[in-house]
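Participant: Here are the chains, one letter per residue:
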Amino acid sequence: MSHWIIAPVVLPALMAAVMAMAMRHDVVLQRVFSLALSLTLIAIAGGLFIATLDGTVHIYQLGDWVAPFGIVLVLDRLSAMMLLLTSLLSVGIVLYVMGSDWDRRGWHFHALFAFQLMGVNGAFLTGDAFNLFVFFEVLLIASYGLMIHAGGGMRLRAGLQYVVMNLAGSTLFLFAMGTLYAVTGTLNMADMAVKVQALDPGDQALLRTGGMLLAIVFGIKAAAFPVQFWLIGTYSNAPAPVAAFFAIMTKVGAYAILRMYSLVFTPEAIAVDTFFHEMLMPAGLLTLLIGAVGVFGAKLLPRLAAFSVLASMGTLLIAISIGTPAGTTAALYYLVHSTFAAAALFLVLDLVADSQGPTTRAPGGLVASLFFVAAIAVCGMPPLSGFIGKLLVLDAARSDPLWPVVWVVILASSLLLILGFTLRGSRYFWKPLDPDFANPANLDPDGNPVPAHPIRPLAIVGACVPIGLLLLFTLGSGPAMEHFSQTAAQLFDTNAYIEAVLGPQEAH
Amino acid sequence: MEALLSLVIGLQTAGGIYLVLRRRTFSVIIGTALLTYAVNLFLFASGRLAVNLPPIYSPDVTSYTDPLPQALVLTAIVISFGMTAVVVLIALGAYLESDIDHIDLRRKAGDIDSDPDEIPWEQDPHDPGLEDPKGDFE
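First to last, the sequence lines map onto chains A and B. Be aware that the first sequence starts at 1, since it is given in the numbering used here, and climbs by one per residue. Be aware that the second sequence starts at 1, since it is given in the numbering used here, and climbs by one per residue.
Among the clues, some could well be false.
Computed list of chain A residues with no C-beta within reach of chain B, every gap over 10 Å [stated by the list, open to error]:
(1) LEU199
(2) HIS277
(3) ILE376
(4) PRO401
(5) ASP436
(6) PRO504
(7) GLN505
If you want the footprint, here are the derived chain A segments under chain B, 3+ residues with CB under 8 Å [stated by the list, open to error]:
(8) 139 to 153
(9) 159 to 169
(10) 173 to 187
The hints are simulated quantities; they were obtained by calculation from the structure and are not laboratory data. These figures come from a predicted structure and were not determined experimentally. Backbone N, C-alpha and C define an ideal beta-carbon position, used for all residues, glycine too.
Please work from the sequences and hints to get the whole structure.
Facilitator: Shown next, in the form of C-alpha cells:
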C-alpha cells in the first residue's frame, strides 16, 4: 500500500492552510507556493498515472481499517488520468492568475484554489459514496469563495444563485445516500456493487429511487438537461481563471456518473437495467442543443463561452450514455479535450477583455490568433482534438438504436457552434477595425483605430498552457486512444475493482 | 413512530421546497435550512428506528442500533451549518452591492446579454417591473 495515493488530497489541504494563515499578506509568497504545489501535484499524479499503467487497481485504506468498514481511496486508470488532468490544468491557471494579477483583486485566491484542488482530487480518488459527498462539499465551498473572488454586484448575485443551486443538490445527495444506505446497508462503492446484485425483489424500487436521486445530483454537477440552467450565469460571471478551472468541475459530475453507473448501477442489476443510460441519452442530446443554440444567440463573449461548455457537456453525456466500451473510450477522449478547450477559451476571452479595456477596440493579432485556435478546438473542427473526439463519438454511436438522432444533433450543433463563433469573432475582432462601423471612441484624431492595451507576457504564457496541452494531446491521440480503451475496459471489468477493494469474492 | 417521523420529514421538505422556489433571498435561505433539517432526520431514520438500544456493540447486549447514520448526520450537520453561514454572507454581500435581493439574475430587460452596439433599453411601462418588485411579502 503506497502512501503516495493520499498525497494529492493531503498536500493541497496542508498548503491551503499554510497559505491562508502564514502568508495571508504576501501575495508573492503565495504565488511561489501555489505554483510549487501545482508542479508537485503534476509529479505525484504522473507517478500515480505510471503506477496504474499495468492495469492494477491500487487501494489505500485510511487508518488501516479494512474495507468496507473503513474509508478507502481507490486508484485505477480512470482516477489517475483525472488527477493528472487536474494538475496539468491547474498549472496553466496559476500562471495566468500570476500574469494577470487576478489574485490581487481579492483575498485568499491561492488558498481557496488549493482547497478546491484538494476537493477535486479527493472526489476522483475516493471509493466511498459518503466520502464522495464530503469531497463534493469541500470542492464546492472552495468554489463558492473563488466564484465571488474580486466581488461586484452581478458576480455576487450569480454566486448566490450558484450556492443555492448546489445547496439543493447537496440535500438531494444526502437523501440519495440515506436511501441507498437503507437499502444496501453499506456506503462503500465496491460493497454496494456486490449488494445491489443480490438485492431483495422488494427493495428494487427503493434502489431505483436512490439511483435516480443520485443521477439528478450528478446531473446538476455535470450541467445536464433539465438542471443545466445554473451554469450560464455562474460561468459567465465568475472571474475568468476560476471559470477556466470550473471546466474540471463539470467533469467531476461526468466522472461520478461514469464511476457510479459503471460500477454500482450497472445494466446487470435487475432494478436498474438500461434505465439510466436511456435517461441520459435524451438529457445529453437536449443539453447539446441548448448549448449550441445558446452559442449561436449569445452576444457577450463570456456567455458564449459558458454555452459552449454546456454544448461540450452534452456531447460528453451522449458519449457516456452509449454505454459500450467504444462509447466510454470516446467519452474519455472528449472529456480530456473539452477540459483543455474550455479552459483555453475562458483564459483567452479574459485576454480579449484585458486588451479592450473599457472600449470596444479590436484586440491585437496575438490575442486574436489565440482566440481562433481556442474557437477551433471548442467547435470541434480539424485539425485539433475536438474533431477527432466528435468523430469518435459519432463512430461509437452507430451501435445505439438512436444513432440517426445522435448524428443529426451532433452535426447540426457543430454547425451552430461554428456559426456562433464566427459571428462573435468577426464582431469583436474585425468590426472595430472597419472605418464604416467603428465606434468614434476607438479612433484617434486622424481616424485610425487605437491600438489595444498591451498584455503581460506571463498571462499569455498561462493562456498558452491549456492550448499547448491541447496541441500535444492532438499529436498524441494514438497512444492516448490506446490508453483510454484500456481504461474503458477496466471500467467495465467491475470484478477487478471489487476484488481489489474487498478481497477475492465468491462467484454468485 | 414511523408515521410521525415520515410526516415530519415530508412536511419539512415540502416547506423547504416551497421556500427555495421563492424569489427573495431570505426565504430561499430559510428554505435551504429547512431542507437540511429534513435530510438530517431522513439520514437518521435510514439506519432503522430503534428505541433504548446502545449504538456500540458489547457482549452484554443482544441488539444494538446502527451507529453509522448517527455519524453521517453529524457530518451533514457540520457541513450544512457552514454552508448556511456562507450563503447568508454571500446574500448579504450581493444585497449591499447591488441593492436588490432577488435570486434571479435579470434586473432589467437586456441586462444579461446586451449587445454592445445596441441602443440602451428604456423603461417599458408595461414591463412587469423586475426592478421594483411588489407583492412578495404582502
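Participant: Which of the listed hints are not met by the structure?
Facilitator: none
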